[in-house]
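Chains as they are written, first to last, in our numbering: chain V, 1 to 339; chain E, 1 to 339; chain S, 1 to 339; chain D, 1 to 339.
For the record, the hints were derived by calculation from the structure and aren't laboratory data.
Glycine included, every Cβ here is placed at the ideal spot set by N, Cα and C.
Please note: incorrect hints may appear among the correct ones.
[What the hints assert, rightly or not] Quick list of in silico lysine-lysine cross-link-like pairs, BS3-like style, CA-CA up to 30 Å:
#1 E:LYS25 / D:LYS25
#2 S:LYS245 / E:LYS168
#3 E:LYS168 / S:LYS244
#4 V:LYS244 / D:LYS168
#5 D:LYS43 / D:LYS168
#6 S:LYS25 / V:LYS25
#7 D:LYS168 / D:LYS245
#8 D:LYS43 / D:LYS76
#9 E:LYS244 / D:LYS43
#10 D:LYS245 / V:LYS168
#11 V:LYS43 / V:LYS25
#12 V:LYS43 / S:LYS244
[As the list claims (entries may be wrong)] Short derived list, chain V residues pointing at chain E, Cβ under 7 Å:
#13 SER138
#14 SER177
#15 SER178
#16 GLY184
#17 GLY185
#18 ARG186
#19 SER188
#20 SER189
#21 HIS190
#22 ALA191
#23 ARG193
#24 LEU322
One-letter residues, chain by chain:
Protein chains: 4
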Amino acid sequence: MSEYTASIIGGSGYTGGELLRILRKHPDFEAVQTTSRSYSGRKVGSIHPDLRDADLRFSEGEELEEVDVLFSATPKGVTMENIDRYRAVADKVVDLSSDFRLNDIDAYREWYGEHERPDIIQQFEYALPEVNRENLSSADLIAAGGCNATASILGLYPLREILSEDIKIIVDAKVGSSEGGSGGGRSSSHAERSGIIRPYAPTEHRHAAEVSQAVGVEADFTAHAVEMVRGAYATIHVMQDIEKKDMWKRFREEYGEEPFVRFTSGSGIYRYPQPKNVAGTNYGEIGFETGEGRVVIFSAIDNLVKGSAGQAVQAVNISLGLEETRGLGFEGIHPSGTP
Amino acid sequence: MSEYTASIIGGSGYTGGELLRILRKHPDFEAVQTTSRSYSGRKVGSIHPDLRDADLRFSEGEELEEVDVLFSATPKGVTMENIDRYRAVADKVVDLSSDFRLNDIDAYREWYGEHERPDIIQQFEYALPEVNRENLSSADLIAAGGCNATASILGLYPLREILSEDIKIIVDAKVGSSEGGSGGGRSSSHAERSGIIRPYAPTEHRHAAEVSQAVGVEADFTAHAVEMVRGAYATIHVMQDIEKKDMWKRFREEYGEEPFVRFTSGSGIYRYPQPKNVAGTNYGEIGFETGEGRVVIFSAIDNLVKGSAGQAVQAVNISLGLEETRGLGFEGIHPSGTP
Amino acid sequence: MSEYTASIIGGSGYTGGELLRILRKHPDFEAVQTTSRSYSGRKVGSIHPDLRDADLRFSEGEELEEVDVLFSATPKGVTMENIDRYRAVADKVVDLSSDFRLNDIDAYREWYGEHERPDIIQQFEYALPEVNRENLSSADLIAAGGCNATASILGLYPLREILSEDIKIIVDAKVGSSEGGSGGGRSSSHAERSGIIRPYAPTEHRHAAEVSQAVGVEADFTAHAVEMVRGAYATIHVMQDIEKKDMWKRFREEYGEEPFVRFTSGSGIYRYPQPKNVAGTNYGEIGFETGEGRVVIFSAIDNLVKGSAGQAVQAVNISLGLEETRGLGFEGIHPSGTP
Amino acid sequence: MSEYTASIIGGSGYTGGELLRILRKHPDFEAVQTTSRSYSGRKVGSIHPDLRDADLRFSEGEELEEVDVLFSATPKGVTMENIDRYRAVADKVVDLSSDFRLNDIDAYREWYGEHERPDIIQQFEYALPEVNRENLSSADLIAAGGCNATASILGLYPLREILSEDIKIIVDAKVGSSEGGSGGGRSSSHAERSGIIRPYAPTEHRHAAEVSQAVGVEADFTAHAVEMVRGAYATIHVMQDIEKKDMWKRFREEYGEEPFVRFTSGSGIYRYPQPKNVAGTNYGEIGFETGEGRVVIFSAIDNLVKGSAGQAVQAVNISLGLEETRGLGFEGIHPSGTP
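Please build the complete structure, drawing on both the sequences and the hints.
Below, the structure is given as structure tokens:
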């Protein structure tokens, strides 16, 4: 029997489905409730075919069961509206939307607009253990970061002490269609979206605020939707001369013991990070090269796992004193198609 | 200056866009009007990026201009409702929906239900010149066939005289996402539809009626949506022993002079038909192999061109006494990605 | 510590890599040796990026270590040549090539040519537990079947008692590029192979022999290479009238308790089997529809898992008295791209 | 009858095939010879399926016919070795390799190494009419540029007068698999290359030299191989504040009359350049956005057309006094899959 119970608000979306998938294999958890207005009463496997054998059904969500951990995989604004209700039934609340990613109310207002609960904004801990493990160890309110932010932070964090304040950092991001959620519309239809390289946040991206918060630098984003379903890939151009051996030293020191950071190097087809290597996994692949007057860092994650549901579970594991890797052991497959 | 004027009802859909594209390069035609309720007032290039440089704008369609040829690229039911209105403004009307593909009212009712204009159903000529060229030469009412029907008819027609009545013919069809039209919905979203092999008409398909009408045999369809945007591919299993040299003779005699049928054979990567070879073109690629107790015929077309807009223009060319290939010269590119 | 040791001959190929991946997570196994002539001395992760964190290196294979189970993931002909050497070092030998799939030497000769070891051909047990579980429970020599054969057998086996001898069965198969192995060549290059529907075994396929052996019927194959890396999909056209409820009854009885057969039905996007649902998993998805004078069965597997390495491990689990599902728990992800 | 004759050295490669395709539809040209060592004697359609109906066969190339224009679509080094032989049989020689793209021998040596014919390096004209039209009008020696260079130059050229010397320019490039040529190898096999985002020139790219030559600025490249067969996409990050209206003015003035530059803007799915919009065409799509302290320019071309064979024909048209657009009228299709 599992030790902990969990519920997932918004279980029919892609992030919610990913939480269901991960918790289903997690030895210490049982998902006892998941909500969906559109699919209430239907089995979760009717929407998520990987869960065909699961017994759980979507419920309306009018009544929330008491659980150890409640995950909110909802659109922007829902968690901040319902947070008191969530906390009343759960010891720990993990939000996967953008509602509580920023601890600074001014930064939130600048990027997202008004916030309904500025009073508790600072109580949330950012779910990226690689930069915030210590604070997560006793956290009851956890906010999972954005996928492009996660990829970027992982790539930049080891350099935080040597990045000059006035240098330019450009994150040229490439992301898959699952990032847009499970909704439809012509722009995300297969016929229109197949094979594209479509800029969607050419000069500004809200995830820059998270990078600034976590790493202390300003990074400019240019994000492109590309031919993938899963994956967030950040090519991070840092306009600063850094010696290769210094880069190596910092990345090794930072990530040498990290269970979910794979450092790529050497020769061969996979000497740089690759989204399809991390599809379905909680791993981040990081690599880099140094050039004249700049370094380039490559960072690949699965937007729905390390970029969302996986980092959330990793953070919860830590907050419960469990081994950090519990339930997150999948290491991917090879070869594979477009992730 | 172009000799003939044309209008396209329903120009924002994929079939309508394809007509606009073809007519734009057609030396004898000028598209003077195209209608779209959703995009009225906008330039056609705002929806169809290949038409960025075109001046034409979508109109409401309340008033139809007088033209030589009116193409109706509308959903099922629209043409039969508006046919008198169309005929009042155009010398020739070409319907690309299923409304007038069948000349037999009973067959129509069996497959589609009631018909509003059974009185004129037999006046339409089927737009596949390879099987109906003679009748098209003076046609004023033309009905473009379905894409799976077209691929199947092209594959079976040369054998019509030797196919036994009681043999089984299975068309295992594979089609691209543009077949579903430009609408959205979760099932056609990129995240769900990418990389699929999804049966959608497992044992019955309306296009069987057209095959029966054109070739005189019953063919059972099993259609799959696959990872393509454009393309209809028919693997036609005929459970009859036919000698290879007899096959060759019949296909050569039938198609030796056809401008838009490419017969594949020999060795190499492209010894069988291939959807990506015909993408954007009005060509059908046909090939076959003989086995024990059966023959297999492979037939590949672009569903939007030879399977719809292209065959329509080809038929109109014939009906106007123009050279059949006018405006349809594109022969494809190589290499190319998923069509 | 793991209870059993294993070695993989031919570990740099896709099937070998898949064995390494599965055994790495298998709680009862440790892969102690893997061979590769081309990559001897290199870490397995240099070829298979999902194994980046593994310590194992490829060895020449001149000297084989003593192990409990030796898997031979080699091209046709290698196992039959080395079988005595393999048996000398391992209690159990599992061959993943076509060398020992057929127990009948005449059938082998008809489809493959001469066999070097007809004397032991009947000692091998076919690795598909769904049809051969009992015999596998004490097997020391195991032969994993072909991927198209596996998909077809899973689809046809429940009907074996009612299939008429003289009916026609057509397997219209669609497979991914990993089926062709890790070698190169123009026909399998990305530029040429992307987005194809390319018949490669239009009227005859060696896997028909395995279907005949396992199900007792003749099935004609027409196989197509399609846009996938992983996956084998069989659309099985059976030209026989079978009632739907009879179909249901037989499939339920046969597979109701099978741990790795998912029966699809109902409504929605995933009411039929789908290769991307089973990518990376040992599951077979099976569904069907009945039509007039025929039934159509759809069967989807991952060619490298259920169609090869996964079924091999499943069979070994059984032969060792382990729980059949050990090490094979991955159930896939959703959404995902082209598998 | 066509006015001019042409031959293509290296006709079995992708660039050579593209030249054959374009010239086949070019009203003023006839390709009378094409060479290929590997495929000598075979019809061009056996390699390039879009040329199935062409009569031309590959020849050894031992004897070159006298032609008006000789195109050399060969690997690096071949043209410089054979240039005298080529000039002896042709009035005009167009090289599509990197041999004569740089007019400065020092720049050549820095990026490529030794050059066999430094004596004539300055006689070649760069085949990009948008930046070199005047010089092309009487050119007999023409060098077609690199695809990433072409995309970048088109994006940067209108700004050449205002770009500060010391600003940083980063070209984050994404290219398709046809760029790698028609050869094989594991890294370009479908199973390995599908769905990748693979950096291949992380900090240095030879095409930077061409950008420097044409625009007068240093641009740093980071190039990625992505899931496309055709296409080169440049996201050009310019770390300089430029006002939007100034950008507009300069791009409009520069490209307002250019027949092959499409300026994208406005709203909708296609408000930024898109590789699949230009697949098979000689068009470059250009768009931009301005941010704080930087501008981002997006530039999309088909690497084999505008990035190679198409620009070559466009330049030849100019050099012969023909209308520049002759033979290059294809404007693409919509919708379409991965280009």
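How the hints compare with the structure:
{"no.": "1", "hint": "E:LYS25 / D:LYS25", "in the structure": "holds (14 Å)"}
{"no.": "2", "hint": "S:LYS245 / E:LYS168", "in the structure": "holds (24 Å)"}
{"no.": "3", "hint": "E:LYS168 / S:LYS244", "in the structure": "holds (20 Å)"}
{"no.": "4", "hint": "V:LYS244 / D:LYS168", "in the structure": "holds (20 Å)"}
{"no.": "5", "hint": "D:LYS43 / D:LYS168", "in the structure": "violated (49 Å)"}
{"no.": "6", "hint": "S:LYS25 / V:LYS25", "in the structure": "holds (14 Å)"}
{"no.": "7", "hint": "D:LYS168 / D:LYS245", "in the structure": "holds (22 Å)"}
{"no.": "8", "hint": "D:LYS43 / D:LYS76", "in the structure": "holds (25 Å)"}
{"no.": "9", "hint": "E:LYS244 / D:LYS43", "in the structure": "holds (24 Å)"}
{"no.": "10", "hint": "D:LYS245 / V:LYS168", "in the structure": "holds (24 Å)"}
{"no.": "11", "hint": "V:LYS43 / V:LYS25", "in the structure": "holds (18 Å)"}
{"no.": "12", "hint": "V:LYS43 / S:LYS244", "in the structure": "holds (24 Å)"}
{"no.": "13", "hint": "SER138", "in the structure": "violated (37 Å)"}
{"no.": "14", "hint": "SER177", "in the structure": "holds (4 Å)"}
{"no.": "15", "hint": "SER178", "in the structure": "holds (5 Å)"}
{"no.": "16", "hint": "GLY184", "in the structure": "holds (4 Å)"}
{"no.": "17", "hint": "GLY185", "in the structure": "holds (5 Å)"}
{"no.": "18", "hint": "ARG186", "in the structure": "holds (6 Å)"}
{"no.": "19", "hint": "SER188", "in the structure": "holds (5 Å)"}
{"no.": "20", "hint": "SER189", "in the structure": "holds (5 Å)"}
{"no.": "21", "hint": "HIS190", "in the structure": "holds (4 Å)"}
{"no.": "22", "hint": "ALA191", "in the structure": "holds (5 Å)"}
{"no.": "23", "hint": "ARG193", "in the structure": "holds (4 Å)"}
{"no.": "24", "hint": "LEU322", "in the structure": "violated (31 Å)"}
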